[in-house]
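Asker: Below are the chains, spelled out letter by letter.
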Amino acid sequence: QQQVKQSPQSLIVQKGGISIINCAYENTAFDYFPWYQQFPGKGPALLIAIRPDVSEKKEGRFTISFNKSAKQFSLHIMDSQPGDSATYFCAASMIWAGGTSYGKLTFGQGTILTVHP
Amino acid sequence: GAVVSQHPSWVICKSGTSVKIECRSLDFQATTMFWYRQFPKQSLMLMATSNEGSKATYEQGVEKDKFLINHASLTLSTLTVTSAHPEDSSFYICSARPQGPYNEQFFGPGTRLTVL
Numbered sequence: 001q002q003q004v005k006q007s008p009q010s011l012i013v014q015k016g017g018i019s020i021i022n023c024a025y026e027n028t029a030f031d032y033f034p035w036y037q038q039f040p041g042k043g044p045a046l047l048i049a050i051r052p053d054v055s056e057k058k059e060g061r062f063t064i065s066f067n068k069s070a071k072q073f074s075l076h077i078m079d080s081q082p083g084d085s086a087t088y089f090c091a092a093s094m095i096w097a098g099g100t101s102y103g104k105l106t107f108g109q110g111t112i113l114t115v116h117p
Numbered sequence: 001g002a003v004v005s006q007h008p009s010w011v012i013c014k015s016g017t018s019v020k021i022e023c024r025s026l027d028f029q030a031t032t033m034f035w036y037r038q039f040p041k042q043s044l045m046l047m048a049t050s051n052e053g054s055k056a057t058y059e060q061g062v063e064k065d066k067f068l069i070n071h072a073s074l075t076l077s078t079l080t081v082t083s084a085h086p087e088d089s090s091f092y093i094c095s096a097r098p099q100g101p102y103n104e105q106f107f108g109p110g111t112r113l114t115v116l
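Chains as they are written, first to last, in the numbering used here: chain A, 1 to 117; chain B, 1 to 116.
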């Protein structure tokens, strides 16, 4: 019930195209859904995050779409660029987990994005 | 803002020795820090949650006597891998959560540990 399932495992798009990565979760207590970008040999960097009270959030070329009833959320990268080539992780947590949880993140399996020039 | 540093960025040690990795939040205070382990081409695996001034909470299957965590201040947490063995070779990443009603976690750049 704590799992977050991410797909696809890898994605290849052409420069200027749209990259779409999907995640699904089971635990309805999750109420914070961030996306992270990770380059080889580096730590993950927070890209964008959403709370379940909104269905969409946009920051520049990055958009999160959230479907609470389906327990799914996705990342859309518009006008994909070669510099976007990285591994993307979705995650989920409970903001006020209480006890010793303190908002632990549960990560998806990751998607390796390659954007061809 | 929200910068987290780790030191060292990479370390090579002999089997049986201990290695300490530092995680610092540079421009904010972090009540909670998290330690992750990541194998090549895999996701991040949470090892433990570290709270300032109290004992760390370890995830199931993580040996607390092998991975010692200390969170002595609001800006520093350390992970010590004791009696390291080749199977402990991995990429160790910390994250820090700022004080207050936030859930954002900011990650350090990671430490590559190689045990010979």
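Since the hints were made in silico from the structure, they are not lab data.
Remember, it's a predicted structure, so these values are computed and weren't measured experimentally.
Built from N, CA and C at the ideal position, the CB exists for glycine as well.
Check before you lean on any hint, since a few could be wrong.
[Said to hold, decoys possible] Chain B stretches covered by chain A per the calculated footprint, using a threshold of three residues with CB under 8 Å from any CB of chain A: (1) 43-49; (2) 104-114.
[Claimed, not checked] Here are the computed lysine-lysine pairs in the DSBU-like style, where the Cα-Cα straight-line distance is at most 35 Å: (3) Lys41(B) / Lys58(A); (4) Lys66(B) / Lys5(A); (5) Lys5(A) / Lys20(B); (6) Lys41(B) / Lys68(A); (7) Lys15(A) / Lys71(A).
Asker: Would you mind marking each hint as holding or not holding in the structure?
Answerer: For each hint, the structure was consulted:
1. Using a Cβ-Cβ cut-off of 8 Å, 4 residues of the segment 43-49 of chain B lie near chain A, which meets the minimum of three, so the contact claim holds.
2. Using a Cβ-Cβ cut-off of 8 Å, 8 residues of the segment 104-114 of chain B lie near chain A, which meets the minimum of three, so the contact claim holds.
3. Using a Cα cut-off of 35 Å, the hinted pair Lys41(B) and Lys58(A) holds, with the two alpha carbons roughly 28 Å apart.
4. Of the supplied pair hints, the one linking Lys66(B) and Lys5(A) holds, its CA atoms being roughly 30 Å apart against a limit of 35 Å.
5. This hinted pair checks out: Lys5(A) and Lys20(B) have alpha carbons roughly 33 Å apart, not beyond 35 Å.
6. Proposed proximity of Lys41(B) and Lys68(A) is supported: the alpha carbons are some 29 Å apart, at most 35 Å.
7. Distance restraint check for Lys15(A) and Lys71(A): the Cα-Cα separation of roughly 30 Å lies within the 35 Å cut-off, and the hinted pair is therefore satisfied.
When each numbered hint is compared with the structure, no violation occurs for any of them.
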